[in-house]
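Residue numbers (my numbering): 3 to 205.
FYI, nobody ran anything at the bench for these hints, they're computed from the structure.
Bear in mind that the values here come from a model prediction, so they are computed numbers and not experimental data.
Idealized CB from N, CA, C, for every residue including glycine.
Hints are not guaranteed to be accurate.
If you anchor each label on the Cβ, the simulated ranges turn out as follows [as the list claims (entries may be wrong)]:
| id | residue 1 | residue 2 | range |
| --- | --- | --- | --- |
| 1 | Ala52 | Ala144 | 34 to 44 Å |
| 2 | Ala55 | Arg104 | 33 to 43 Å |
| 3 | Lys176 | Val79 | 14 to 24 Å |
The calculated EDC-like cross-link candidates involving lysine to aspartate or glutamate, where the alpha carbons are at most 16 Å apart (straight line), are [said to hold, decoys possible]:
| id | residue 1 | residue 2 |
| --- | --- | --- |
| 4 | Lys165 | Glu130 |
| 5 | Lys176 | Asp159 |
| 6 | Lys176 | Glu150 |
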Amino acid sequence: MTAFAAYEREAGLPEGLIRQLNSTDPDTNAWARFERNELDVAGFSKAFEAEAAALGHRLEASRVLEALRGEVRPAMVAAIRRLREAGLPLGMVSNNVSPMERGGRMDDILDLFDVIVESSVEGVRKPEPEIYLRALDRLSEAVGRRIEASDCAYLDDLGINLKPARALGFSTIKVVDPDVAIAELSALVGFPLDGAAGPGPGR
Numbered sequence: 003m004t005a006f007a008a009y010e011r012e013a014g015l016p017e018g019l020i021r022q023l024n025s026t027d028p029d030t031n032a033w034a035r036f037e038r039n040e041l042d043v044a045g046f047s048k049a050f051e052a053e054a055a056a057l058g059h060r061l062e063a064s065r066v067l068e069a070l071r072g073e074v075r076p077a078m079v080a081a082i083r084r085l086r087e088a089g090l091p092l093g094m095v096s097n098n099v100s101p102m103e104r105g106g107r108m109d110d111i112l113d114l115f116d117v118i119v120e121s122s123v124e125g126v127r128k129p130e131p132e133i134y135l136r137a138l139d140r141l142s143e144a145v146g147r148r149i150e151a152s153d154c155a156y157l158d159d160l161g162i163n164l165k166p167a168r169a170l171g172f173s174t175i176k177v178v179d180p181d182v183a184i185a186e187l188s189a190l191v192g193f194p195l196d197g198a199a200g201p202g203p204g205r
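Put together the whole structure using the sequences plus the hints.
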């Protein structure tokens with residue numbers, strides 16, 4: 003996440019430290035327990051800062067949480083709108099620390115999805131395979147027909163989250179450069195998602 007990188011630069015921390023902390027002991031670290039709603043903010047902050055200290059670094063967990071608000075990638079949102087206009091089923095799988103609140107600036111984006119599966123609600127998180135399976139079940143229920151992993155593309159900016167999805171049968175795309183990811187997704191769905199004319203509605 004670019005917001006994490008910006009904080010690392012500002013604080014004089016090694017590049018990629020936050021990702022390193024998040025991927026070490028991924029099922030039991032502070033981040034994992036926080037996203038399963040097993041820790042409150044105070045508990046997470048204490049545990050996450052201790053994990054950083056064990057590697058010889060001092061960081062402010064509150065600043066890391068601020069970075070979670072992140073930035074919206076307009077090109078990706080536009081591509082999602084194209085998929086919605088084409089009538090394709092859409093699901094979101096989110097690792098988060100509390101359920102998404104409605105009534106804010108994100109509503110227009112959230113409304114594009116048929117289902118949203120959140121770690122803070124489910125008690126499981128990416129990269130645990132169970133959360134992807136729940137997403138498939140919910141999406142199938144939402145559209146009234148069975149959807150298999152092999153029918154789906156899964157996008158994420160973290161390789162650790164892509165690996166289990168791929169093992170389950172999803173086509174996977176790592177989002178580093180949004181334009182590259184959109185081109186890869188366009189190839190999978192068979193029509194352009196960069197603003198050019200696409201197919202008419204249909205599910």
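Given the hint of 34 to 44 Å, check if Ala52 and Ala144 actually sit that far apart at their C-beta atoms.
-> holds, 41 Å
Regarding Lys176 and Val79, is the given constraint of 14 to 24 Å on their beta-carbon distance met?
-> holds, 18 Å
Pair hint outcome, Lys176 versus Asp159 [Cα-Cα no greater than 16 Å] | Given that 16 Å is the threshold and the Cα spacing comes to 5 Å, the pair holds.
Ala55 and Arg104, beta-carbon distance inside 33 to 43 Å?
-> About 37 Å separates the Cβ atoms of Ala55 and Arg104, which means 33 to 43 Å holds.
Does the alpha-carbon distance linking Lys176 and Glu150 stay inside the 16 Å limit?
-> violated, 20 Å
Decide if the proposed pair is consistent with the structure: Lys165 and Glu130, CA atoms, cutoff 16 Å inclusive.
-> With Cα atoms ~10 Å apart, Lys165 and Glu130 stay inside 16 Å; holds.
Hint check: a violation occurs at hint 6 only; the rest are consistent with the structure.
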